[in-house]
Amino acid sequence: MKSTILSSPATKSLLNQCIHCGLCLPACPTYAIYHTEMENPRGRILLMRAAAEGRIETDGAFKEHIDLCLGCRACETACPSGVQYGSLLEIARGDMESARVEKGERSTLESLSRWLGLRVLLLKPARLRSLARLLRLYQQLGLSKLTRQLGFLPQSLKDMEELLPPITRNGSNYQRPAPAKTEERGTVAFLHGCVQEAFLSNVNQATVEVLQRNGYRVIFPKPQSCCGAAPLHIGESELAREMARRNIDALGNKIESVDAIISNAGGCGATLKDYAHLLADDPTYAEQAERFAQKVQDISEFLAERLHVPPTRALTKRVTYVDSCHLRHGQKVVQQPRQLLGAIPGVELIELERPDMCCGSAGVYNILQPSTAEQVLEAKMSDVGAKLPDLIVTTNIGCQVQMIYGTRKSGIEAPVMHLVELLALAYKE
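Here the sequence shown stands for residues 81 to 509, where the numbers follow my numbering.
Just so you know, the hints here were simulated from the structure itself, not pulled from any lab data.
Misleading hints may appear alongside valid ones.
Computed list of lysine to any residue pairs in SDA-like fashion (alpha-carbon distance at most 20 Å, straight line) [what the hints assert, rightly or not]: (1) 508 / 392; (2) 204 / 249; (3) 225 / 484; (4) 183 / 137; (5) 302 / 203; (6) 334 / 267; (7) 225 / 243.
Use the sequences and the hints to build the structure in full.
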């Protein structure tokens with residue numbers, strides 16, 4: 081039976097862009113581990129083509145190899161033919177999950193986990209913040225250390241518990257706009273996200289503060305939803321579209337009146353910028369999605385051109401910057417974070433040998449594929465450790481959580497911060 085979505089003319093056209101040259105292979109993290117044809121973009125495209133032609137089903141080996149892809153999109157940067165691998169992966173995963181639902185292949189436990197994680201928590205971020213407050217108490221009471229020492233959790237929960245970062249105070253006040261702290265130069269809308277606001281809200285507070293210091297009034301569209309990245313990673317395309325509609329509705333007619341829609345997470349921003357594609361076939365939202373996507377900018381992308389008040393406090397630090405894959409390869413934002421680091425007095429940027437390689441977070445990959453994620457992370461931490469940094473800087477919630485876990489596991493004694501946290505620190509007297 082042919083895969084209906086993969087066999088569409090538009091998808092076939094995308095598949096046929098690949099000329100099988102193999103230049104993507106050195107950029108692929110899973111190929112670096114397994115060295116097999118099916119664990120690189122070229123091999124996975126061959127699988128998708130076989131599914132489109134009805135030669136294989138979208139289960140079994142197909143599912144195994146597609147699931148093992150991190151979706152880091154480093155292959156897109158390396159590809160001379162402009163293959164849109166990220167779009168192909170999204171289509172394949174959506175088709176794969178549709179087939180599983182149709183065949184009744186999801187277990188009750190998996191269905192319950194998806195409902196709790198995606199619909200109960202991510203669709204309503206306030207619930208996620210309530211969970212984070214409980215987990216923060218769990219950490220403050222020392223139960224986290226005790227749990228790890230006793231080791232009684234089943235492996236799946238143990239993997240997730242070990243990834244928990246030190247949870248910062250959450251519950252920021254987004255009820256009214258935050259005024260500019262210098263001469264007002266414009267207004268921006270800030271999408272503060274779901275996981276970020278729940279677990280590392282200090283990053284969001286720093287984002288607002290840096291924008292205010294550079295003359296921007298910040299508004300907070302509500303009610304906001306998850307951007308849709310998490311469901312897209314696991315083939316829940318329709319839920320991602322529902323989340324996109326909610327975020328567009330939250331901003332409403334303010335889309336045209338703001339200078340930009342700000343995201344401070346590389347993965348979220350890549351999804352927000354893709355709303356026009358995600359809702360292209362929606363007659364009600366297609367035009368709004370196009371306008372929305374055109375206004376989205378990563379915080380580093382926005383500030384690199386609008387750092388009207390440069391920071392003056394010297395921070396004498398050797399800094400290693402860990403690129404977010406979806407910021408670097410998806411949004412093509414590479415130099416702007418480095419430019420901002422260069423604007424902080426005293427900061428010495430130490431580049432990694434392979435700044436283009438993934439850290440293993442990849443959305444929910446480090447939860448769903450912990451063994452492979454660990455191997456990807458080990459390579460990243462080896463690269464980071466060799467640079468002897470005083471500080472590790474990231475630009476994505478998933479990368480920040482993964483690097484905190486990586487430093488704890490590898491023994492690297494360097495704090496992990498988001499770029500805007502470092503900027504905010506450099507503004508303080």
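Hint by hint, here is what the structure shows:
Only pairs whose Cα atoms come within 20 Å are accepted, and residue 508 paired with residue 392 is accepted, the gap being roughly 9 Å. This hinted pair checks out: residue 204 and residue 249 have alpha carbons roughly 19 Å apart, not beyond 20 Å. Note on residue 225 and residue 484: the hinted pairing holds, with a Cα-Cα distance of about 16 Å set against a maximum of 20 Å. Taking the CA atoms of residue 183 and residue 137, the gap is near 12 Å; set against the 20 Å cutoff, the hint holds.
This hinted pair checks out: residue 302 and residue 203 have alpha carbons roughly 13 Å apart, not beyond 20 Å. Restraint check for residue 334 and residue 267: the C-alpha separation of about 10 Å stays at or below 20 Å, so the hint holds. Only pairs whose Cα atoms come within 20 Å are accepted, and residue 225 paired with residue 243 is accepted, the gap being roughly 13 Å.
The structure fails none of the hints (numbered hints given earlier).
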